Amino acid sequence: MRDRFPICIALLVLTLALAAAAPAAAQAPRLANEPVLLPVAADPTVAFKVAFTIGSQNDPAGKEGLAYLTGTMMAEGATRKHGYPEILKLLYPIAAGYGVRVDKELVTFSGRVHKDNLEAYTGLLLDAIREPAFNDGDFARLKQRTRDFIEKTLRYSSDEDLGKAAFYGAAFAGTPYAHLNAGTIAGLEAITLDDVKQFHAKHFTRETVVLAIGGGYEPALVERMLRELALLPAGRPAAVAAPTVQAPEGRPVMIVRKPGPATAISFGFPVGVKRGEREFYSLWLANSWLGEHRNSSSHLYQVIREARGMNYGDYSYIEHFPEGGQRSVPPPNVPRRRQMFEVWIRPVPNDQALFALRAALREVESLAKNGLTQDQFELTRSFVSKYCLHYAVNTEDRLGYAIDDRIYGVKSPGHLEGFRRNLPRLTREEVNAAIRKHIRPDRMWVAIVSEQADSLAARIAAGTPSPMSYGSPKPEEVMAEDKTIEAYPLGIRREQIQVVPVDAMFAR
Amino acid sequence: MRCRLLIGLLLLLAAPPSWAGVFPYTYESNTLDNGLKAILIPMPGTGLASFYSVVRTGSRDEVEPGHTGFAHFFEHMMFRGTEKYPGPVYDRIVTSLGASGNAYTTDDYTCYYMTVAAADLEKVVELEADRFQNLSYKEPEFQTEAGAVYGEYRKNRTQPFSVMFEAIQDRAFDVHTYKHTTIGFEKDIAAMPTMYDYSKSFFKRFYRPENAVLIVTGDFDAKAVMALIRQHYGNWKKGYQAPAVQAEPEQQGERSVEVAYQGRTLPMVTVAWKGLGFDPSSKELAAAALLADLTFGETSPLYRELVLEKRMAQRLFPGFRLSRDPGLWAVSAMVAGEQNVEAVKTAIDQAVARMQETPPSAEDLEGLKRRQRYSFVMGMDTPDRVASGLARFVALSGGIESVEALFTAMELVTPEDIRAVARKYLTPARRTVAVLKGVQS
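Just so you know, the protein sequences line up as chains A and B, in that order.
Numbering follows my numbering, with no gaps: position 480 of the first sequence is 480.
Just so we're on the same page, my numbering is the position in the second sequence counted from 1, plus 1000.
Calculated directly from the structure, the hints in this document are not laboratory data.
Source: prediction; values computed, not measured.
The beta carbon of each residue, even a glycine, is placed where N, CA and C say it ideally should be.
Honestly, I wouldn't trust all of these hints.
Not everything, but these chain A residues come out facing chain B in the computed CB check (under 7 Å) [unchecked claim]:
#, residue
1, Leu88
2, Pro93
3, Arg141
4, Asp148
5, Arg305
6, Gly309
7, Pro347
8, Leu379
9, Phe383
10, His390
11, Tyr391
12, Val393
13, Asn394
14, Pro473
Bound conformation, chain A alone:
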């Protein structure tokens, strides 16, 4: 147990050593941020992350999607040296590539290559970051793809992600977090190629870049990468204030009217804990008990799926967790200064939607009121203390976590080590105190995707009971509990319910 995260420690020691040993170059430009290094001598591959401390929060008003489009053009477009088809040809035989993740506060380019091919790869990666061509063809292709993603995929082919996006949009309305990372339809329409070029020059600078390298590399590689990235333009973009978000009065509901046989539900409220703080690990533990992602240990999963067979899964979060349908553990490099407690109910049959909402809300309220029992606390602590081993199983993910530590300001030895250090010392009382302080479901946003939007709105407002019926016998205790759930008070007034046609979502 004691040596569980030796690599993270080595990484930080090395980072500090390199910083101390760096010669004070007279006039040569240098990066504002020290590199993150994770040497693994036996690894035949090298992993890279080149992150920029900017994101979709930096999109100018009316040009939502600009950071996303810029990052995507860098990762999937031509450079001044090579056309994009040529880049694909060069990367192909070395089985390498570089992708980009654009989030609210961070744009991260990631890739990995066998060390046989380092020279060829790093040249292409650096070109993409420093010297993108930003040509008309790539612009038209990627802009249209982004638009189609919003208009076709998100609005019509992915109810689960639509529900989550609706929730986040409502919760962060009026802030730089409100729009999708991919932007809005109007914003994308307004963006010109010149906007992209200017955004790149202003935001992808040597003041915003963080270089991270891990695996079987030689020190000379780090020096070269630092030297090359120091040729990025200078400049620090204007700081974007963290969104100010207060929990709403009551429980405003957004129902997205969209045809389909099933209903997706998300709800939640702001949660003000931060990685590295002891209280964060208390709340993480509590949330793990309530709704560990893609895990049958989740209490919500047990209540809604396991006992009643209503859907495919039910989870909750205290940090943003994108790509929930594809990933089993949290992705690195989505750091945010404002986080939501969020419940995700995967699609349920339309006629069970109201019951599912009540069942989930009742469980959250029960947790807020009663906290965890000693048994629940101990079992979940045992679970999290081991499960966190899966969060970063390879060098690339460890690099990602190390970058996030920088962004969150988590001190050495970092967030992952924080689980190991904090969990054994936590007490049930401490966890329950964190629950009482932060789990406040009396004030929350609810987002629902349903074709029965109007009748659902009416039933929610009227508090109409939502009795369940099953095609198979259920245990007596389940049937008895159903009686309580079906009439569980929602406390939502009609004027708090907004019905939005799906085509109006993400329009501007």
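Given the coordinates of chain A, assemble chain B onto it according to the supplied hints.
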């Protein structure tokens, strides 16, 4: 017991000289008296261990009418516990281990996996051995789980590609069970709650040691783990009953299907040819795997034309999946607007015709082979990825040797072999063409 340097040997055979011994994983393959095979791949220093149970039964084995989707449904039931470890107890133990685990079902196999701290591997062996031999559940639990499966079906139905492949498999096959997708037809899913007795027979027929393979990877002592496997699985009784999967007759002429997606989406085009069943030593199969990328991959002239230059397609990708029996070799495009559907179909035809006419350049073929080798090695970096990367090979062939055989066959493929496979298999008479459009688009 056999102990070999699979990947090291593979690289010696396949890679540039400097690659020798880069990934010196050794492995042991042992077969118990009851037919259960266990493949152990120690990866010292990782601190983790992955335990994969591969049952060589998937939706291919659903031969009885009205039971499509049952292999997948049964996968769900495997989490309902035993007399020794009833569902809640099993869940509690797995929770206390902090295991990262789940299961999935495919056309040809079902896979259960768990990754844990290496020190907990012993408990995992005991738990998994118990549920594979002593699964026990009551009818109400069975019926409740059917609801969760229906929920998974509903989730999938919002994805146009799922709808597309359900239609194209149905159209392309007449009698073989590849006619249905793994999740099954909706009417069969709706009827699942009535099939409790059938589920018991399903377990008895298919969940048998001679139809299963264990893959264990990670930080452990192989001898000790093998002893545990013998201890806990040694009494598992034989009794596998192979299903009578009907061979698909040779397709006589092109087929097509138009698919209506109940929503809004970009149109999609899939062209799927009848392929070959898995034979790792088959040069034709190896050539087909390479042909797919050369003709439809992201460095192909077709991709460049449709996606990057003319922008008539937003996505284009091949899907020549390895399958136990002859399955479908497909190329799919997400088309940028209905006005481009015919042009995309024509461009796919032309790309196939070009490959049938002119072999790929030796340089392109060598580049692809090189890519395959690097991809394989780079994918082997964690216990979970090693085990998951091998699972399909193990399921299709029963062992790990097929990986080496297929890569060796690939090395021998020439440009002319690629052209020959294109000519022989990518013919109109062997193909089904599907076009999907959104009804609200």
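Against the structure, the hints come out as follows:
1. Because the smallest distance between the Cβ of A:Leu88 and any Cβ of chain B comes to about 5 Å, under 7 Å, the interface hint for this residue holds.
2. Because the beta carbon of A:Pro93 sits about 4 Å from the nearest beta carbon in chain B, less than 7 Å, this interface hint is met.
3. The beta carbon of A:Arg141 comes within 5 Å of a beta carbon in chain B, closer than 7 Å, and the hint placing it at the interface holds.
4. With a least beta-carbon distance of about 6 Å to chain B, the hint placing A:Asp148 at the interface is held under the 7 Å criterion.
5. Nearest Cβ of chain B to the Cβ of A:Arg305: about 5 Å, under the 7 Å cut. The hint holds.
6. Interface restraint check: A:Gly309 against chain B, minimum CB-CB distance 3 Å, threshold 7 Å, status holds.
7. Here the hint on A:Pro347 is kept, as its CB sits about 5 Å from the closest CB of chain B, short of 7 Å.
8. Interface restraint check for A:Leu379: the shortest CB-CB distance to chain B comes to about 6 Å, inside 7 Å, so the restraint holds.
9. Of the supplied interface hints, the one on A:Phe383 holds, with its beta-carbon coming within about 5 Å of a beta-carbon of chain B, less than 7 Å.
10. Using the Cβ-Cβ criterion of 7 Å, the hint placing A:His390 at the interface with chain B is satisfied: the shortest such distance is roughly 4 Å.
11. Among the interface hints, the one on A:Tyr391 is violated; its C-beta lies about 10 Å from the nearest C-beta in chain B, farther than the 7 Å criterion.
12. Given the 7 Å rule on beta carbons, the hint for A:Val393 holds: about 5 Å separates it from the nearest Cβ of chain B.
13. The beta carbon of A:Asn394 is positioned within 7 Å of a beta carbon in chain B (closest approach about 5 Å), and the interface hint is therefore held.
14. Here the hint on A:Pro473 is kept, as its CB sits about 5 Å from the closest CB of chain B, short of 7 Å.
Checked against the numbered hints above, the structure breaks only hint 11 and satisfies the rest.
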